[in-house]
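Visitor: For the record, the sequence lines run as chains X and H.
Mapping the first sequence onto the working numbering, position 36 (from 1) lands on 36, and the numbers just tick up by one.
Mapping the second sequence onto the working numbering, position 48 (from 1) lands on 48, and the numbers just tick up by one.
Heads up, some of the hints might be wrong.
Below 20 Å or equal to it, Euclidean Cα-Cα: the simulated DMTMM-like pairs (lysine to aspartate or glutamate) are [as the list claims (entries may be wrong)]:
#, chain 1, residue 1, chain 2, residue 2
1, X, K3, X, D51
2, X, K11, H, E106
3, X, K40, H, D55
4, X, K27, X, E43
5, X, K27, H, E106
Since the hints were derived computationally from the structure, they do not count as laboratory data.
Since the model is a prediction, treat every value here as computed from it, not as a measurement.
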Amino acid sequence: MPKVIVEVMPKPEILDPQGKAITGALKRLGYEGFAVRQGKRFEITVDGALDEQRITAIEAFADTLLANTVIEAYEVHAVVDDANDSELEVTGLITVPAESPVA
Amino acid sequence: MARIGVVTFPGSLDDVDALRAVRLSGAEPVSLWHASDSLNGVDAVILPGGFSYGDYLRCGAISRFAPIMDEVIRGANEGLPVLGICNGFQVLCESHLLPGALMRNEQMKFTCLTARLRVETNDTVWTCNFAPGEEIGIALKNGEGNFRADRETLKRLEGNDQVVFRYLDNPNGSLNDIAGITNERGNVVGLMPHPEHNVDPLVSDTQDGEVFFRSLLSFLDATASV
């Protein structure tokens, strides 16, 4: 079954308290020189073929429900071959809305 | 008698307190259900605090698509008074009835205290009985009350006098100490503190929450007599 991955990350300018807490924990564990930002990964399985219409639908709900574009950016990838888990880019499928920078 | 609706979502916690505060203010409280598509002709709507849908995905993100929200959004755009408290504020931001977003508190801690606030504007339906600059104390309890907006939005909010409440001691990292905002029209107000918890001397150290409800009733009286 075709699978689509939507990755949501806080925009770079946005404070990420969770990522900061993880970065702090790494330092306490002795891992120096790492900075972490935390996001979300959604795996969406699609009934039937992954056609233009389905792609448009996924882009629409990624933009309205999965991500809040006031504070988050998202990327959409299609995983065409589950077995090899090779992520193949589907034309027109990558979306990262560039909004005005957040204070 | 003014009829004020309070929406219950799955996971709302403070809907009953809000209904009680409405009753104590002398108005008629009306319970509204998230899955309904009718506001039952109420004169105003309160979106209460809590953890609707367990805060899954993002606070308020799933509630925003509840059937009743279509009616709340339609009403709000036509001037219906709407107050979003805590989770209700988050729902209003997710619905784009108010700009910006609420994120995890800067210090990553759940905050529970009486927040000292300054009323920045009384030019809203829900604050018209306050004096501008008045300092009040209202219960605050949340983990994600950190107000964020892009620079342009922030400039617009400040320029249009849409910042309604500011923290005197910012407890969560909110930009410009913002505790509550309004839309351009002044009929939709959202804030993280809980005015419905500050209406009864038995359980609260201030009764400053009463003024929210009195403000609404003054507004409804004034518009009814026009």
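Visitor: Against the structure, test the hints numbered earlier, and report the numbers of the ones violated in rising order.
Guide: 4
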